[in-house]
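Peer 1: Could you put the whole structure together from the sequences, leaning on the hints where they help?
Respectively, the protein sequence lines represent chains A and B. If you read the first sequence in UniProt numbering, its first letter stands for residue 1, the second for the next number, and so on. If you read the second sequence in UniProt numbering, its first letter stands for residue 1, the second for the next number, and so on.
In case anyone wonders, no lab produced these hints; they're calculated from the structure. Nothing here was measured: the structure is a model prediction, and the numbers come from that model. Be careful, since some hints might not be right.
FRET-style restraints, in silico, Cβ to Cβ [to be verified]:
| no. | chain 1 | residue 1 | chain 2 | residue 2 | range |
| --- | --- | --- | --- | --- | --- |
| 1 | A | 59 | B | 414 | 51 to 59 Å |
| 2 | A | 50 | B | 422 | 15 to 23 Å |
| 3 | A | 40 | B | 406 | 46 to 54 Å |
To give a feel for the contact side, a few chain A residues facing chain B, derived at Cβ under 8 Å [claimed, not checked]:
| no. | residue |
| --- | --- |
| 4 | 8 |
| 5 | 12 |
| 6 | 15 |
| 7 | 32 |
| 8 | 34 |
| 9 | 68 |
| 10 | 78 |
| 11 | 81 |
| 12 | 82 |
| 13 | 86 |
Yeah, the Cβ is synthetic: ideal placement off N, Cα and C, and Gly gets one too.
Below are the chains, spelled out letter by letter.
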Amino acid sequence: MKVLELNNGKSSFLIDEKHIAPEALSREDLLYILNKIYEDETDSIEIPQLEELEEIKNPIEKEIVQQIIQKMVEFKNNVENIRQEVQSQFPPIKN
Amino acid sequence: MVKKIDFHIHTIATEKDYPFSYSSNWIKEYVEKAELDAIAITNHDLFDLENFYRVKEDLPDTQVFPGMELSLEEGHVNIIFSEDEISHLVNFSEWIQKQNLGTNGKISINDYCDNMINWENGIYIFELGKSNSLKVPEKLNEVCYVGGVSNQLKFQIYHGMDDGLFPVLFSDAHADENDSEERRRDIDSLKNKNTYLQIDNCSFREIKNSLSDKTKIGVNRSYLQDVIDIQNHRVSTGLNLIVGKRGTGKTNFLKTIKKQYESDDIYEIAQFETAKADDFIEKQRRNQGQVAVRLWNEKYQTQFLAIQEYLSYADEDYGKDIDLYLESVKKFAKDITESKSTSKYKMVKESNFENITTRNIEQYLTNLKELINSRDLWSLVNDPEIKKRVFVETYSELREIYIEKQTKNIMQEKANDIINSVKQFVQSKTGITPVVGCEFSKIIQKYQIENEIQGFMKKIICETELKRENIHGYQIIVKLSPFKSADEFRSDIVTKEGVLHDLISPYKDEKYIDFLKNLKKKRFFKIGQLSYYFLHIEVELLDSDGTPASGGQAVGFALMMRLEEAKNKPIVLVDEPEASLDNAYIRGELIKAIKGLSKESTVFVVTHNSTLGTLLEPDYLVVTTKNDAKEYSVLTGEFSSQTISVNSEMAENSYEKFVEAMEAGITTYIKKGEIYESLRTK
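Peer 2: Rendered as structure tokens:
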């Protein structure tokens, strides 16, 4: 699953199959993506490389996307730690 | 009291033996080393009066009983008599000698009974576990008989059987230090082949009576009850039954016991206290509930701690942080695009590093360290060093991972500091507002924790049976169930604070995060009691049919619980426990419980109830009396001995006084029997 789609120098975040322009990204949209990254245990979420963002033509849009993608990568690197900690606090309940 | 007896010793070689000679030295040494209180002389088909008196002379402090190892057609049986029957035994021995039985000859049971006068008065010990063992001849069914075994293991097997003969252990020794067979003369081994009886005196009568009660027979002193003195009255360390008419001093006797022992050593179930059963049951109900809930709490301790921790930051609004972040990103993007000078400061565009969580690793390290440093743990296992090494290696590896993550965190924090200073510098030079910090990890962690809490609460907030235990015919059931109403919640928590809208509504709608956040704001809220706000605790007391116990039944249950509780005390006084209990319950449950208790503690039971008194079969009987001159006396005695005495002097038969106390006299006892019989025959 992709978090961002690049098309003809334009970008949009993918939220539940909807395309959201970077400047229109809301709190709920961002939380949606971050939670998807957290829940993605098979590593199927694709976060673009920063170089790929160079094709975005609008510099403001590019800067927004770069900032957010950078944070997402940083978050993704930490997900396994968070997951371990949450699971250690809530181990599966055996009946 | 406990006495040690050897029921089978040979002192004269007969045709059925190989030759050996009686040795006074051997018998003296044997009795001394084995610490015997009584022995029986049982030679093959022979009773030799001269030899018997010689043995008695050799053992002036030991009770010696006359007897014989008789070769019946069915097998061998040791017959033992009181010295009062010695002339009959002599005559019988003369008769049997004339039969010329030789090495393999036997006599019939009828011949025996015809020629042994007062044969009914003897003790018969049939040899068990040998090829020549026999079945008890029908003619001897009414006499006192037991089974003789040759070792402790066989004794325990027969002792543990529900049917079959009660066992006694004997040596079958030859009283000769030069006997050709070592096993017949080796005192160190033979001294373990004797029987212990719970009796006060080694009179023939007491021995005979005690053999009718398996619990009074043992091969080890410690399994039988000994005696102690209460103001010169001998009583048992096991179960004592105190009977006597009203006003004869039973309660006074209990007071005497209380005076003699520290109050901390005594557990008393006082007379009429059963009337306080409701309070006791309520206390038990609470205790049972608390114990079960504590176990349930322990089961989910990890989750409850996590919820407690969550509540410490539950009100933090991370949504606002995201809004601020997104807003600043957009503003920053606009500013930086318009500014020409900042393009050369690449660092200003960098986002901050996320903090790596290591709390779970810290917890694992603490737990491992505790195990590694536990002296108790490693003292329990074999090869502790080898096993400990695995834990130490695991600890070391985990420590490396922890250090690596922590180092990275520190480096990243430093980097974040640098990035932030650069951003501030650039901002001061260009007016561009940098992107505000926002920890996605922290935000998502909280979100996911809330998800887990919601799932966890959904699973535990349901009907759950924590405990179902059968206690003396009753069932205790501890259940957890969701709160049905705000009133139920308030009643359980003991609060008057309103809870309907902010707690019970979200609780019923399964909006547990809202429930928890609102709960935290309540005046009654105590974090340590967290789990008690989640479910209603219900403790049910049911009878054996599964229906709620009635008041009378509850009294029985309360008494049983008190008897359980009493097990922690060395002395237990139970004064008239029969109040409100029917005889079926007394017979089926109460007696069993009291007997069980007497295995752990010294128990004194006072009763006027004939079912309890007669079926209790205590170790010791205590009878209190008052004569016409208003003189009080206390008579005690081993119950199975059927005798009681004042300070062990002038023993008398216990029958009359016991029946007097239990049945308001022999006449009443007979009358009751007649009435029952007349009902049966009508």
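Peer 1: Each of the hints needs a verdict: does it hold here or not?
Peer 2: Outcome of the hint check:
1. For residue 59 (chain A) and residue 414 (chain B), the Cβ-Cβ distance of about 31 Å falls outside the hinted range of 51 to 59 Å, so the restraint is violated.
2. As the Cβ distance of residue 50 (chain A) to residue 422 (chain B) is approximately 19 Å, the hint placing it in 15 to 23 Å holds.
3. Evaluation of the 46 to 54 Å hint for residue 40 (chain A) and residue 406 (chain B) yields a failure: the beta carbon distance comes to about 26 Å.
4. With its C-beta approaching chain B no nearer than about 20 Å, residue 8 (chain A) sits outside the 8 Å limit, and its interface hint is violated.
5. Because the closest C-beta pair between residue 12 (chain A) and chain B is about 15 Å apart, greater than 8 Å, the hint is violated.
6. Evaluation of the residue 15 (chain A) hint against chain B yields a violated restraint, the C-beta minimum of about 14 Å exceeding 8 Å.
7. About 11 Å separates the beta-carbon of residue 32 (chain A) from the nearest beta-carbon of chain B, more than 8 Å, and the hint is not met.
8. With 8 Å as the threshold, the beta carbon of residue 34 (chain A) comes within range of chain B, its nearest partner Cβ sitting at about 5 Å, so the hint holds.
9. Proximity of residue 68 (chain A) to chain B holds as hinted, the smallest CB-CB distance being about 6 Å (cut-off 8 Å).
10. Residue-level restraint check for residue 78 (chain A) holds (minimum Cβ-Cβ distance to chain B is 5 Å; threshold 8 Å).
11. A hinted interface residue such as residue 81 (chain A) counts as satisfied when its beta carbon comes closer than 8 Å to some beta carbon of chain B; here the least separation is about 5 Å, so the hint holds.
12. The beta carbon of residue 82 (chain A) comes within 5 Å of a beta carbon in chain B, closer than 8 Å, and the hint placing it at the interface holds.
13. Contact between residue 86 (chain A) and chain B, as hinted, is supported at the beta carbon level, the nearest pair being about 5 Å apart and thus within 8 Å.
Against the hints set out earlier in the document, violations occur for numbers 1, 3, 4, 5, 6, 7.
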